[in-house]
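Student: Sequences and hints are given; from them, build the entire structure.
For reference, the chains in residue letters:
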Amino acid sequence: MPYFSSYKTAKLELIEASKQLIKNNKIKNNLMLKIKNLEVEVENKRIIKGLNLEIDKNEIHALVGPNASGKSTLAYTIMGIPKYKVVKGFIKFEGKNVNKLPPEKRARLGIALAFQHPPSLNGIKLSTLLQKIGKVEIKIPRFEKLLEREVNVNFSGGEKKISELIQLIALNPKLAILDELDSGLDIQTLKLAVKLIKENLLKNGCSILIITHTANILQFLNPNKIHVMLGGKIICSSSNWRKVWKTVKTYGYEKCQKCLSPSK
Amino acid sequence: MVMKSAKNVYHQVNEIAKILEVKGVKVLRISEAWEKYRIVKEYFEKKPKDGFFLWIKKQINFPISTCLEISKEKFKQKIANLTLIEKGIKAKALMLCSALKKDLNCYHLANGFIILRKNASLEVKHFHNWNTSDKIQMNYNFLLEKNSYVNYIFKSFNPGNVKFNTFAELKTYAKFEKKVIMDSKNSDVNLNSIFTLNGVHSSVISTLKVVARNESKVIAVSKLIGKEQSRGHLECQGLLIGKKAKINLTPSLIVENRNALLTHEASIGKISEDELNYLRSRGLNEEEAIELLITGFLSE
Chain R
1347 MPYFSSYKTA KLELIEASKQ LIKNNKIKNN LMLKIKNLEV EVENKRIIKG LNLEIDKNEI
1407 HALVGPNASG KSTLAYTIMG IPKYKVVKGF IKFEGKNVNK LPPEKRARLG IALAFQHPPS
1467 LNGIKLSTLL QKIGKVEIKI PRFEKLLERE VNVNFSGGEK KISELIQLIA LNPKLAILDE
1527 LDSGLDIQTL KLAVKLIKEN LLKNGCSILI ITHTANILQF LNPNKIHVML GGKIICSSSN
1587 WRKVWKTVKT YGYEKCQKCL SPSK
Chain V
-7 MVMKSAKNVY HQVNEIAKIL EVKGVKVLRI SEAWEKYRIV KEYFEKKPKD GFFLWIKKQI
53 NFPISTCLEI SKEKFKQKIA NLTLIEKGIK AKALMLCSAL KKDLNCYHLA NGFIILRKNA
113 SLEVKHFHNW NTSDKIQMNY NFLLEKNSYV NYIFKSFNPG NVKFNTFAEL KTYAKFEKKV
173 IMDSKNSDVN LNSIFTLNGV HSSVISTLKV VARNESKVIA VSKLIGKEQS RGHLECQGLL
233 IGKKAKINLT PSLIVENRNA LLTHEASIGK ISEDELNYLR SRGLNEEEAI ELLITGFLSE
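Top to bottom, those sequences are chains R and V. Going by my numbering, the final residue of the first sequence carries number 1610, and the count climbs one at a time with no gaps. Going by my numbering, the final residue of the second sequence carries number 292, and the count climbs one at a time with no gaps.
Hints may be right or wrong, so weigh each one.
Example chain V residues on the side facing chain R (calculated, C-beta under 7 Å, incomplete) [what the hints assert, rightly or not]:
1) Asp266
2) Glu267
3) Asn269
4) Tyr270
5) Arg272
6) Ser273
7) Arg274
8) Gly275
9) Asn277
10) Gly288
11) Phe289
12) Ser291
The hints are simulated quantities; they were obtained by calculation from the structure and are not laboratory data. Using N, Cα and C, we set each Cβ at its ideal position, and we do this for glycine too.
Tutor: As structure tokens, this is what we get:
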């Protein structure tokens, strides 16, 4: 019997170890974005001061924080906009260090950014731009006419957001960063944006990083994790976004700073 | 302006000219017309050798096209044209001038008079396609009689070394809209326009969009003269791409009647970093992004 017992135990241990190994490998294979000890400067001013973040495949992460906490800087840095200089740490996308890659190469790898304030492109129709960049064709009800207009020229706030989303969908990315996509959107357009995200990004296995300061979009997308950013760092990460947001709404971001809770 | 069914009325390659008969349009060699019609002598003191007299006397329901080309090395093509649109006629035209080969070192000179009688209208799209080694000179004179209208769009995506002088005189209620769109790749460009608003309620809108790449040098002087109660606007935009390129834009307004309202807007800039990075974030490389932004800038 002792033999049997030890055999059984060994077998169970082996099964458990195998499970753990599969789990570990799965996590490893599923890791889309890994940022470690990231420090970023813009015009010689340090904005991000030691940031860590991991996003798995098909996960939705929310990033909240007060104005000037470095949220958009992080978005531009992940995208590789030249003005944003990584001075320390790394950004790995699907295991590949992208620190030195220009934005177009990152875009081709599968990183896409919906700009908070996209520039106007005079003389360039949205349909022309989509033909140049698009891997996927998309038609959006209510917004077909947008395609024949010059990109962001005299677009309303809502039209800009939908245009950004259309471009992102056309790129068929693996990681979509949505910088303040929900700010200034009426409820109908917000719901349309959510529908587009679900049907055209999430369905294709895309990971999403939502940067928001209103959290309006979160109730519709129910993120896997929420991160609070303050002073260029992520000071709190939690899988319970409602709890964190309730704290922020009730006590402000300072409460998060006091809490300084590790990832939960 | 749709030009799909345009009918060619004349075609000249080097010195060899071909006139095609089109109903409603009278086309003659300018030398022949000079002998035959007094009006041609009014505009050309000496008998010109090459060129065409284009006379639209009846309403036509199709656009016409003209074509001037050079295929011989160092060839000098000197054209004298007179275009006359009779009262109340509305016409559309497509004009093409080009070098058929690279490195011809050719010369194209076009002296043209375009006259619109009362209530006539003309819409023109004029395309040039030359090479850096080619020399181009154009002197175009527009005369717009009472209540006539001209919409003239000139596009050149490889202008060579070009001197383009435009003179326009407008009578009562006449309206002139002119657009010059140029992408100079390594060119010397000299543009000079003078619009004289000689009639009450006459108006001019002149737009210039020019890109200077490599070592291109662009000088553009646009002058509006308001002699009567009239309106005019000059818009000049330059985009510098080449590090050694230069653009000099001079809009000039001269008001001789206190009821004339003349305005101008001029700007010279480079490609915006924000726009460039935005397109790069969509997967276009720097070169592709710049080309797309130039296309947008030069769009009508």
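Student: The structure should be examined with respect to each hint, and the outcome stated for every one.
Tutor: Status of each hint after checking the structure:
no., hint, in the structure
1, Asp266, "holds (4 Å)"
2, Glu267, "holds (5 Å)"
3, Asn269, "holds (5 Å)"
4, Tyr270, "holds (5 Å)"
5, Arg272, "holds (4 Å)"
6, Ser273, "holds (5 Å)"
7, Arg274, "holds (4 Å)"
8, Gly275, "holds (4 Å)"
9, Asn277, "holds (5 Å)"
10, Gly288, "holds (3 Å)"
11, Phe289, "holds (6 Å)"
12, Ser291, "holds (3 Å)"
Violation of the numbered hints given earlier is absent; every hint is satisfied by the structure.
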